[in-house]
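Once you have looked at the hints, place chain G on chain B.
Chains B and G supply the protein sequences, listed in that same order.
Using numbering that gives the first Met the number 0, the first residue of the first sequence is number 0, and each one after it goes up by one.
Using numbering that gives the first Met the number 0, the first residue of the second sequence is number 0, and each one after it goes up by one.
Simulated from the structure, these hints should not be mistaken for laboratory data.
You may find that some hints are simply not true.
Okay, the calculated bits of chain B under chain G, using three or more residues with CB under 8 Å as the criterion [said to hold, decoys possible]:
#	region
1	5-14
2	18-24
3	27-36
4	43-55
5	59-67
6	74-87
7	90-99
Treat the numbers as computed from the prediction; the structure is a model and nothing was measured.
For each residue, glycine too, the CB sits at the ideal point set by N, CA and C.
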Amino acid sequence: MPAVSLGHFVALSIVLFFMGAVGVLSRKNALIVLMSIELMLNAANLAIAAFARYWLQADGQVIVFFVIAIAAVEAAIGLAILVEIFRLRRSVDLEAMSSMRE
Amino acid sequence: MGAVMFWSLALISVAAAGVAITRRNPLASALALAVCLIAVAGLFAMLSAHLLFILQILVYAGAVVVLIVFVIMLLNLGDADLRTMGVQWGRFAIAGAVCLLGCVATLRATRGIPGLWRPEPPGFGTAGAVGEALFGRHLISFELIGLILLVGILGAVVLAKKGE
Chain B
0 MPAVSLGHFV ALSIVLFFMG AVGVLSRKNA LIVLMSIELM LNAANLAIAA FARYWLQADG
60 QVIVFFVIAI AAVEAAIGLA ILVEIFRLRR SVDLEAMSSM RE
Chain G
0 MGAVMFWSLA LISVAAAGVA ITRRNPLASA LALAVCLIAV AGLFAMLSAH LLFILQILVY
60 AGAVVVLIVF VIMLLNLGDA DLRTMGVQWG RFAIAGAVCL LGCVATLRAT RGIPGLWRPE
120 PPGFGTAGAV GEALFGRHLI SFELIGLILL VGILGAVVLA KKGE
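Okay, chain B solo, but in the shape it has when bound (with noise of 0.2 Å):
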C-alpha cells in the first residue's frame, strides 16, 4: 500500500501538468514545447495510474496505456513535422511560423 495518501499523488500531477503548461505558453523553440506536451501527457497520466490505485480498477490503467501509444504516435508526427519545417525554414522558431496569421 503506498505510504502517502491519494491526494498527495494528485497534487504532483497537477504541480507537473502546470509546469508544462508554462513550458508551451512561453516558450519559442518547437522542440521544447513538444517537451513540454509531454510532460503534460505524463502529469495525466500519473493522476490517472492513481485513481486506478484507489479504485482497484485495471481501466484505468489501460487507458494510461493507450496515452503512452497516443504520445508515442504525437511525438513522432510531431517531429516529422518539425523537421520538414526546419527543411522549408531553417529554424524551429515558433515567432518564424506564423504564415498562417498573416
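The following block gives chain G in isolation, referenced to the frame of chain B:
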C-alpha cells in the same frame, strides 16, 4: 520508508521538469525530461502499476526521448540559432503567474480527496491483469490504437519523403 520514496521521487520529477522547461539548449531539456519520466515511472511502481512502470521506461524514457534526441542531433542547431530561443523571462513570468493561479485553484478544489488505500487484490497491475482488461472490455479501443499507430507510421513516412 514509502513516504521518503514518494517525496524524493516527487522532488526529482518537479526539479527535472523545472530544468526541462527553462534550458536554452534542447538537448539539456531532453535529458531532464528523461529524468522526470523515469521518476514518474518510479511513482507508477509505488502505485503497483508494474506493467506501466516497464512501459513508461521502455516507450517514454526510451523510444520517445531517443526520438527527440535524434531529431535534435539531426537539426544540429548552433549557438546562433539558439540565441533567440532562450527563456523570455517576461513571457515566462506571465505564463507562470497564470499557471500558478490555475495550479492553486485546482489544488484547492482537490483538497477533499480521501486518502485511504484499500489492500490490492493479488496480481493487481501486472501484465496479466491489465491484459485481461485490454483484450476483454477494451478490445475495440485496442484495435483502434493499432489503427492510429498505422496512420502515424504512414504519416511519418509521407512527411519524411523528399518533396517533389
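Next on the checklist: For a quick check of understanding: which of the numbered hints are violated here, in increasing order?
Outcome noted: none
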